[in-house]
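Peer 1: Now for the letters of each chain:
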Amino acid sequence: MLTCHDVAEQATDYMEGATGRGRRMAVWAHLRLCPNCREYLRQLRHGVGLARRALAEAPPPAEVEDALAALFAARRPGPAE
Amino acid sequence: MLLARLRAGDQAAFRTLVRARHGRLLRLASAFCRNRASAEEVVQDTWLAVITGLHGYSGEAPLAAWINGILVNKAKTRAVRDGRMVAFSDLARAETAGDTFEPERFLADGHWAERFSPWDALTPEREAGDRQLLAGVAEALERLPPAQRAVVLLRDVEGLDSAAICQALEISEANLRVLLHRARVKLRDAADRLVRPR
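Residue numbers (the working numbering), protein chains in the order written: chain A, 1 to 81; chain B, 1001 to 1198.
Next up, chain B with everything else stripped away, as it sits in the complex (with noise of 0.2 Å):
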């Protein structure tokens, strides 16, 4: 039991803790804050959190969960402290306002005016030695409008609920399916001349 190796201050499962958490909690924090130190700052924070709370840790929710839990609510008290976080509410209006979809993406009947043709080339094992691919993919992300970024890392990459989301960002769930949708439509095209060119 990880959690009882914990508290008896067992270096090696903390370790393990580290090494399968430390990447997603940077990413959670990439999601609130606008650059790559503040975000590490804020997870070096959450760590130092977890190790005094460990024996106050109720166990009731998942040790991941409460490990986030403590992340969102640092990310939030830093961006209170020194303004650096971004405003989602006011980010989220910005942001799903004008359309999804150019209009030229449609014919004046509704139907689409591509088609599209499957990525068969896009197998499993390809997909995985190609780097280029899954960089050129980290890379749209990286582009996206910072609202549909933190929805997409959140709900998409790190597979949060969409209440837990909603509450973190303080945005409706309208809100968020819009961002979310927004996103995924340019990472979808992102993938698509990712995949087509070659």
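If we strip away everything but chain A, and leave its shape as in the complex, we get (with noise of 0.2 Å):
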């Protein structure tokens, strides 16, 4: 039987899919009993999808954007090239 550290310690192996058959098996019924590992979990997916939403996108500056826009201009081999 998994204790909570050993489940724990194996929570992104889980999520990922890397365990093997066995420990997955054995980490899926440790969380059937044990609400607290659950929990534990559930906030580690979380705070993924926190970071990601951390980081949102921001469009690049005005400036940034209109320098590359004259690069492209600038540079791009026209199809007669």
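Please keep in mind that the hints were generated in silico from the structure rather than gathered at the bench. Note that beta-carbon positions come from the ideal geometry of N, C-alpha and C, so glycine has one too. Careful, some of the hints might be misleading.
Claimed, not checked - DEER-style ranges, computed between Cβ atoms: (1) A:ASP66 <-> B:GLU1173: 51 to 61 Å; (2) B:ASP1109 <-> A:TRP28: 12 to 22 Å; (3) A:ARG53 <-> B:MET1001: 24 to 34 Å; (4) B:PRO1103 <-> A:ARG75: 51 to 61 Å.
Unchecked claim - Per the computed footprint, the stretches of chain B lying under chain A, defined by three or more beta-carbons under 8 Å from a beta-carbon of chain A, are: (5) 1003 to 1017; (6) 1045 to 1052; (7) 1062 to 1071; (8) 1109 to 1121; (9) 1127 to 1135.
Reassemble the complex: the two chains are provided individually, in unrelated frames, and hints are given to aid placement.
Peer 2: See below:
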């Protein structure tokens, strides 16, 4: 029987599908019986989502966009080349 | 079709591409570079290569993946040239040493020493409106050790697949998962502190 500590150590492997079948079943069985570990894994997943949203795209500054657009206009090899 | 418009020299299409990709490229570059200025230069070089390479690009790989590939190569070339890149295999070794969890977080029998209370207050609406929370999480990301930060940026924020990340950073899959795990544990702890004291 896995302990909470075992499950906590393997949480990412489990979430990434990187555990073997036996291990996977053991973690799954622990999670069924342990609400505290279920909550912990839920929060680990939520943390990943938060990281993604925390770095949500900001559009580039207008001057950067303009400079790149100018490069594009100047350097683009035309189909005739 | 974006690619056809780009090849035809459509300015609006190029601006659309820049708006969609620039921020992500900067984040990708910042996974490799130690400072913002060199990350910005790598991104600039990448755009130049994209512009000049558009006609040679086969269209086989998705456009975003092709651009990401160029960026990774630019970041590495630059690293070799000026030695400013982080050596990930060495960092990975250092950052995976020791324990993931402080021993006091578990009781002697392996149970958690703490009880996790749900982040119930963290509804999507509140989260979206809570700049302080998101800024706090972004700061926590910045504070991660460099290899942990890189894998979390590449895997969790950018969603690259693990094989591509291992190849780009020259680390093993096992290393990748340990780094990712440690980063996620820290991010969860940081988020927990941000959610709780209100």
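Peer 1: If a hint holds in the structure, say so; if it does not, say that too.
Peer 2: Do the hints match the structure? See the list:
1. A:ASP66 <-> B:GLU1173: 51 to 61 Å: With Cβ atoms ~42 Å apart, the hint is violated.
2. B:ASP1109 <-> A:TRP28: 12 to 22 Å: holds (21 Å)
3. A:ARG53 <-> B:MET1001: 24 to 34 Å: At roughly 30 Å between Cβ atoms, MET1001 of chain B and ARG53 of chain A fall inside 24 to 34 Å, so the hint holds.
4. B:PRO1103 <-> A:ARG75: 51 to 61 Å: The hint (51 to 61 Å, Cβ to Cβ) holds, given that PRO1103 of chain B and ARG75 of chain A are roughly 58 Å apart.
5. 1003 to 1017: With 6 residues in contact (Cβ-Cβ under 8 Å with chain A), the coverage given for the region 1003 to 1017 of chain B holds.
6. 1045 to 1052: That given contact holds, which follows from 4 residues of the region 1045 to 1052 of chain B lying within Cβ reach (below 8 Å) of chain A.
7. 1062 to 1071: violated (count 0)
8. 1109 to 1121: holds (count 9)
9. 1127 to 1135: holds (count 5)
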